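Asker: Letter by letter, the chains look like this.
Protein chains: 2
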Amino acid sequence: MPEVLSQTKKLRIVKNNKIIDGKKVAQDIQKELKVEVEAWMKEGHRAPRLIAILVGEDPASKKYVENKMKAAREIGIKSETINLPDTTKESEVIKEINRLNADNSVDGILVQLPVPPHISERNVCNAVDPHKDVDGFHINNIGKLTNNMDTFVPATALGVIELIKRYKVPTFGKNVVVCGRSKNVGLPMALLLHSDAKYECPGYEATVTLCHRHTPPEELAFFARRADIIISATGVVNLIKPDMVKPGACVIDVGITRITTENGKSKLVGDVDFEGVSKVAGLITPVPGGVGPMTVAMLMFNTFKAAKSLTEGNNNKN
Amino acid sequence: MPEVLSQTKKLRIVKNNKIIDGKKVAQDIQKELKVEVEAWMKEGHRAPRLIAILVGEDPASKKYVENKMKAAREIGIKSETINLPDTTKESEVIKEINRLNADNSVDGILVQLPVPPHISERNVCNAVDPHKDVDGFHINNIGKLTNNMDTFVPATALGVIELIKRYKVPTFGKNVVVCGRSKNVGLPMALLLHSDAKYECPGYEATVTLCHRHTPPEELAFFARRADIIISATGVVNLIKPDMVKPGACVIDVGITRITTENGKSKLVGDVDFEGVSKVAGLITPVPGGVGPMTVAMLMFNTFKAAKSLTEGNNNKN
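Heads up: the sequence lines are chains A and B, in that order. Residue numbers for the first sequence follow the numbering used here, so the first one is 1 and each next one is one higher. Residue numbers for the second sequence follow the numbering used here, so the first one is 1 and each next one is one higher.
No wet-lab data here; the hints were simulated from the structure. Remember, it's a predicted structure, so these values are computed and weren't measured experimentally. A portion of the hints provided could be inaccurate.
Given that identical chains are not distinguished, each listed pair holds provided it fits within a single copy or across any two copies.
Claimed, not checked - Below, computed lysine-lysine pairings styled on DSS-like, alpha-carbon distance capped at 30 Å:
no., residue 1, residue 2
1, K89, K198
2, K279, K34
3, K165, K183
4, K183, K305
5, K183, K198
6, K62, K34
7, K34, K241
8, K42, K279
9, K246, K70
10, K183, K168
11, K168, K89
12, K241, K23
13, K267, K308
14, K63, K34
Please put together the full structure from these sequences, using the hints given.
Answerer: Right, here's the structure in full:
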């Protein structure tokens, strides 16, 4: 079957030259963190400790939390999940958070989102001590990110930045298109990528165009074709097509959607027409195995950062 | 002198059709506020009260504060300036702020920026009670703005938005170029203009490109030519030239620079080549008399908002 052989070969070439291997980078980061955590504990510190609060029984949320807890354990971060029934009142969730805020043996607290509709996501995120807010969702930490002050950068955005850095993708004075304006991915990406490199939480000096559901398709194509980096975080399958990509551009796909293929099988895909775009792009993330694993790795990074900061008493109360 | 006559006539036509008269709009807003403040006081409330802290003797800062205090008095807002010598310690400035925070007869507090270099602008801004922070510079309020939650929007950005609204400039799905990424003008503009209209602090649904000092000139021109709205807040004289503007576009000039003309006179100019661009643009703000007066008007808006919110006890402590 020479047809298949040649396809396999082509895929391999694409892989070697163009694929941003997020799975590999995430593993590298987790190995680096494991070494750092061990060294830190040898200095006499207790293990960092991360607590996840999961309200309800959503299977996807359960799986996400399990992945995070597993990664934490592998690194040497103590991790636990507090499962609360989906009938739990907001005040009870906040009481639980307050207990963890007051517990000096806890470094990182995350509330897995979404929470059931009777609970305010904002109230719950703001209840977490900003110094333990490893998701970076407290309003105070969002303000700090906007001002490029040292803070917990939301893990997915931080993961994309880390991929850009490790693959040495130039950003200074380059054009970036961010598709999707979500408060925890698209917007933090735009905040980091456009801003000045001289800040405490450095920016990346790019010209950023933030596109979203109300950007007309022809305008999205116009901006995307000029972009050196396209970051898509929309959940719209096949939003980014080959004719929208400048040859050699870096394409980062944050989207993750479960679809059913023609033969009835279930499959995860991103926002990018991978087969087509990978022929044009200079670098491209696959889905799965691109940005996804980076989110978990950077959450671990944030947890260790919280542990160091809390232990060393570097608590800036502003 | 028919030459001059014809010029005068042309200018008048331009004025009637194209000029965004920020001075007039600011006066309208101040008149509206005066009526509202009077009605509110008739309900039995005391007059709103705004305190400015001015550290040092910078003549431009003094002038800005005077303009604000004068506008306040005209509206019926009690206003005072606390002058502190430029040798004042940061801790003393913060002590003064704390005294005002604790004083229930004070609704709005502003610290005129810049402060002398031995004082941290950030520490001072964060010392102001977020509910009295009429400049919107507290980190908490910046976080709220980023999340489109109800807050004090920095006055200049709010002023630009108000001009866009009152001149009925469409933004939904339109292209906006913001030049300049300052934390108190360019960035808040981008945050408001790109975001969803459904939020508590509504966004304006535009596709926003944020350009800055490291955007190459040819890229700035590329984005500007596609823009339905150009907002320039850089302080770079003649940055926006006629060939960079799409016919009919709305051009808003936030820049303000004092230059010396050929005949040795001093003159205020903006970022936009007004004479050239006004021939191409559909709407354009002059400098002076465009965005400048709006900043003062919107500070008054924020002060009355603070007074209402504090009096009515609508203090969201998050």
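Asker: Checking an output row: K183 and K198, CA cutoff 30 Å. Within, between, both or neither?
Answerer: both (24 Å within a copy, 14 Å between copies)
Asker: Checking K183 and K305: alpha-carbon separation at most 30 Å within a copy, between copies, both or neither?
Answerer: Result: close both inside a copy and across copies, 22 Å intra and 26 Å inter.
Asker: First find the shortest C-alpha distance between K241 and K23 inside one copy, then the shortest across copies, and answer within, between, both or neither for a cut-off of 30 Å.
Answerer: Within one copy only: 24 Å inside, 47 Å across.
Asker: How would you classify K42 and K279 at a CA-CA limit of 30 Å: within, between, both, or neither?
Answerer: neither (48 Å within a copy, 71 Å between copies)
Asker: As a check of your reading, is K62 near K34 (CA-CA no more than 30 Å) within one copy, between copies, both or neither?
Answerer: This pair counts as within: shortest intra-copy Cα distance 24 Å, inter-copy 56 Å.
Asker: State whether the alpha carbon distance between K267 and K308 is at most 30 Å within one copy, between copies, both, or neither.
Answerer: neither (39 Å within a copy, 54 Å between copies)
Asker: Quick one: K279 to K34, C-alpha cut-off 30 Å, is that within a copy, between copies, both, or neither?
Answerer: Neither, since 37 Å and 63 Å both go past 30 Å.
Asker: Cα distance capped at 30 Å. Does K246 pair with K70 within a copy, between copies, both, or neither?
Answerer: neither (39 Å within a copy, 54 Å between copies)
Asker: Quick one: K89 to K198, C-alpha cut-off 30 Å, is that within a copy, between copies, both, or neither?
Answerer: The answer is between: 26 Å across copies meets 30 Å, while 44 Å in one copy does not.
Asker: Is it within, between, both or neither when you check K183 against K168 at 30 Å Cα-Cα?
Answerer: Result: close both inside a copy and across copies, 26 Å intra and 28 Å inter.
Asker: With identical chains, the pair K165 and K183 could be close in the same copy or across copies; at 30 Å between alpha carbons, which is it: within, between, both, or neither?
Answerer: both (22 Å within a copy, 25 Å between copies)
Asker: Can you tell me if K34 and K241 fall within 30 Å by alpha carbon in one copy, between copies, both or neither?
Answerer: neither (39 Å within a copy, 55 Å between copies)
Checked against the numbered hints given earlier, the structure breaks hints 2, 7, 8, 9, 11, 13 and satisfies all the rest.
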